[in-house]
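Visitor: Sequence:
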Amino acid sequence: MKNIEMKVEGEILTIRINLAEDFGASRTGKTRIIASTEGNKPVEGKPGIYVGVNCYKK
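If you want our numbering, it's the position in the sequence shown, counting the first as 1, plus 16.
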């Protein structure tokens, strides 16, 4: 994962992203990547639950 922190407390999933980060241009060059899970990732301690996040700017 790039620039994403996930934390589970009880039944609440919190996702933190630093919006000041910049990982460069996307493959198409139309956007700039701020954060990504790089596909769907399992939520720790929660079998069968997955998260997929992309954060970008134009």
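One should not assume that every hint holds.
Stated by the list, open to error - Simulated restraints on C-beta separations:
| no. | residue 1 | residue 2 | range |
| --- | --- | --- | --- |
| 1 | Gly61 | Lys18 | 30 to 36 Å |
| 2 | Lys57 | Gly26 | 27 to 33 Å |
| 3 | Arg32 | Tyr66 | 15 to 21 Å |
| 4 | Asp38 | Gly64 | 30 to 36 Å |
| 5 | Leu35 | Gly68 | 15 to 21 Å |
| 6 | Thr47 | Val24 | 26 to 32 Å |
| 7 | Val67 | Thr44 | 20 to 26 Å |
| 8 | Ile65 | Gly40 | 27 to 33 Å |
| 9 | Gly45 | Ile65 | 30 to 36 Å |
| 10 | Ala41 | Gly61 | 17 to 23 Å |
| 11 | Glu27 | Thr47 | 29 to 35 Å |
These are computed hints drawn from the structure, not numbers from a lab. Beta carbons are placed, not taken as given, at the ideal position from N, Cα and C, and that holds for glycine.
Visitor: It remains to establish, for every hint, whether it holds in the given structure.
Guide: How the hints compare with the structure:
Our hint of 30 to 36 Å for Gly61 and Lys18 is violated, since their Cβ atoms are close to 22 Å apart. Against the hinted window of 27 to 33 Å, the Cβ-Cβ separation of Lys57 and Gly26 comes to about 20 Å, which falls outside the hint. Checked against the given bound of 15 to 21 Å, the beta carbons of Arg32 and Tyr66, roughly 18 Å apart, stay inside it. For Asp38 paired with Gly64, a C-beta distance near 34 Å keeps the hint of 30 to 36 Å intact.
Hint check: Leu35 to Gly68, Cβ distance near 19 Å, so the stated range 15 to 21 Å holds. For the hinted restraint 26 to 32 Å between Thr47 and Val24, the CB-CB distance of approximately 29 Å keeps it satisfied. Under the hint 20 to 26 Å, the C-beta atoms of Val67 and Thr44, about 23 Å apart, fit the expected range. The beta-carbon spacing between Ile65 and Gly40, approximately 30 Å, falls within the hinted interval of 27 to 33 Å.
Taken as a hint, the range 30 to 36 Å holds for the pair Gly45 and Ile65, whose Cβ atoms sit roughly 33 Å apart. Take Ala41 and Gly61: their Cβ atoms lie about 35 Å apart, and the range 17 to 23 Å is violated. Taken as a hint, the range 29 to 35 Å holds for the pair Glu27 and Thr47, whose Cβ atoms sit roughly 33 Å apart.
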